[in-house]
Amino acid sequence: MVLAQYAAGRRSGGGMSGAYLRRQKDLKQGAETYKNSRVEQANLQAGNYDNQPAPAQDFHKISAALGETAGIMQMNKPALEIVTTAASMMVGVEIPASAPLVTGTSFGLKSSVSLSENAVTLGGLNSVVKQTSAETLSPNVQKVVNMMSEIKAQGGTITPNPLSPNQELNLTIKSIEKMDFRIETHVVPTKYGGNGVTPQRHMNVDLYPDKKVLPNSGHKILE
Amino acid sequence: MIMIDDSSLLISVFKILPDDIDFYVQAPSLEDETILNMMDNTGYAYYKLIKLDSLKKRFFINHLETHSAVQYFQNIEIKNGDTLLFQGFDGIEFGILSKNVKMPEWFKEKCIDTGDCTISNDW
Chain L
569 MVLAQYAAGR
579 RSGGGMSGAY
589 LRRQKDLKQG
599 AETYKNSRVE
609 QANLQAGNYD
619 NQPAPAQDFH
629 KISAALGETA
639 GIMQMNKPAL
649 EIVTTAASMM
659 VGVEIPASAP
669 LVTGTSFGLK
679 SSVSLSENAV
689 TLGGLNSVVK
699 QTSAETLSPN
709 VQKVVNMMSE
719 IKAQGGTITP
729 NPLSPNQELN
739 LTIKSIEKMD
749 FRIETHVVPT
759 KYGGNGVTPQ
769 RHMNVDLYPD
779 KKVLPNSGHK
789 ILE
Chain P
4 MIMIDDSSLL
14 ISVFKILPDD
24 IDFYVQAPSL
34 EDETILNMMD
44 NTGYAYYKLI
54 KLDSLKKRFF
64 INHLETHSAV
74 QYFQNIEIKN
84 GDTLLFQGFD
94 GIEFGILSKN
104 VKMPEWFKEK
114 CIDTGDCTIS
124 NDW
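Line by line, the protein sequences are chains L and P. Numbering of the first sequence is given in our numbering, commencing with residue 569 and proceeding in unit increments. Numbering of the second sequence is given in our numbering, commencing with residue 4 and proceeding in unit increments.
Among the hints, a few may not be true.
Under the rule of at most 25 Å between Cα atoms (straight-line distance), these lysine-lysine pairs were calculated in the BS3-like manner [to be verified]: (1) K82(P) with K54(P); (2) K759(L) with K54(P); (3) K746(L) with K51(P); (4) K51(P) with K113(P); (5) K111(P) with K759(L); (6) K111(P) with K51(P); (7) K82(P) with K18(P); (8) K111(P) with K82(P); (9) K102(P) with K780(L); (10) K742(L) with K51(P); (11) K51(P) with K82(P); (12) K51(P) with K18(P); (13) K102(P) with K82(P); (14) K82(P) with K60(P); (15) K780(L) with K746(L); (16) K113(P) with K759(L); (17) K82(P) with K113(P); (18) K759(L) with K742(L).
In short, the hints are calculated from the structure, not lab data. Owing to the predicted nature of the structure, the values given are computational and were not obtained by experimental measurement.
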């Protein structure tokens with residue numbers, strides 16, 4: 569439904585006041601998510617999680633990485649709520665005492681997040697939904713699960729794609745419209761905010777069939 | 004005939020490369036049956052391979068000029084044997100050309116001077 573609303577908004581131009589309010593909400597939520605991820609990263613660097621079990625430490629690393637991405641996305645691409653919340657899914661996950669941990673590989677994440685051997689790898693986003701029992705879901709995750717269910721109920725899919733060596737994340741979300749969402753590192757031309765010389769970690773949001781409709785053609789340089 | 008603008012850099016690159024080339028492409032969202040039928044699997048889960056010769060290359064260029072497919076190409080590598088000739092990214096709006104490829108003036112003006120393509124210092 570969200571993608572459909574976005575598509576309809578793009579075609580009609582959308583209501584000015586509604587768009588403004590949504591933008592403000594997205595900015596606020598995105599900033600909050602981004603801030604929380606930075607706090608998480610600071611805690612990691614300070615060693616504040618060193619005394620926790622390895623799966624819990626993995627969770628904090630994944631949470632920090634995905635939360636930062638999600639926050640940036642929501643601040644910069646307010647219409648792409650599905651991707652934002654899908655990527656921030658891990659942010660609200662509460663780790664059950666003896667349940668398997670969902671790992672970053674479920675999302676196609678790799679080298680930027682170090683995963684311990686005792687973490688259990690699941691088979692993708694759909695598995696995440698199935699594996700997480702109702703009593704362990706935070707409101708944030710429940711919201712994502714609901715959205716994913718809605719996408720799937722409409723015949724949509726969320727597919728993690730095989731990663732090339734320069735990619736950390738590669739998802740295809742297919743609903744009313746199709747979208748690719750990637751985090752990768754390579755040279756980015758100056759016209760898209762890169763330096764045009766050295767490889768830069770960045771995010772790509774490709775909304776088909778015309779990816780150029782997004783700001784900066786869907787490119788966002790990351791730290 | 005409708006010309007597709009987003010294939011401009013890639014087609015320019017094709018024009019300055021040899022005919023017999025291996026075209027490795029990562030395009031998980033591509034639904035263009037003509038191109039999908041040209042693809043073979045590779046040893047890499049993320050890459051498909053299209054082996055081009057003079058005839059296939061001409062057909063491929065013509066197809067790209069008239070169908071909106073290049074925007075689905077997330078990453079590509081064009082090789083001649085083991086020699087890397089070109090790397091392209093993000094719908095091939097940007098790429099890196101081998102320093103060993105002979106570059107005509109028109110390509111320099113159209114692709115290098117505009118910042119759409121750079122020359123590798125390493126390969």
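Give me the numbers of the hints this structure contradicts, sorted from smallest to largest. 2, 4, 6, 9, 18
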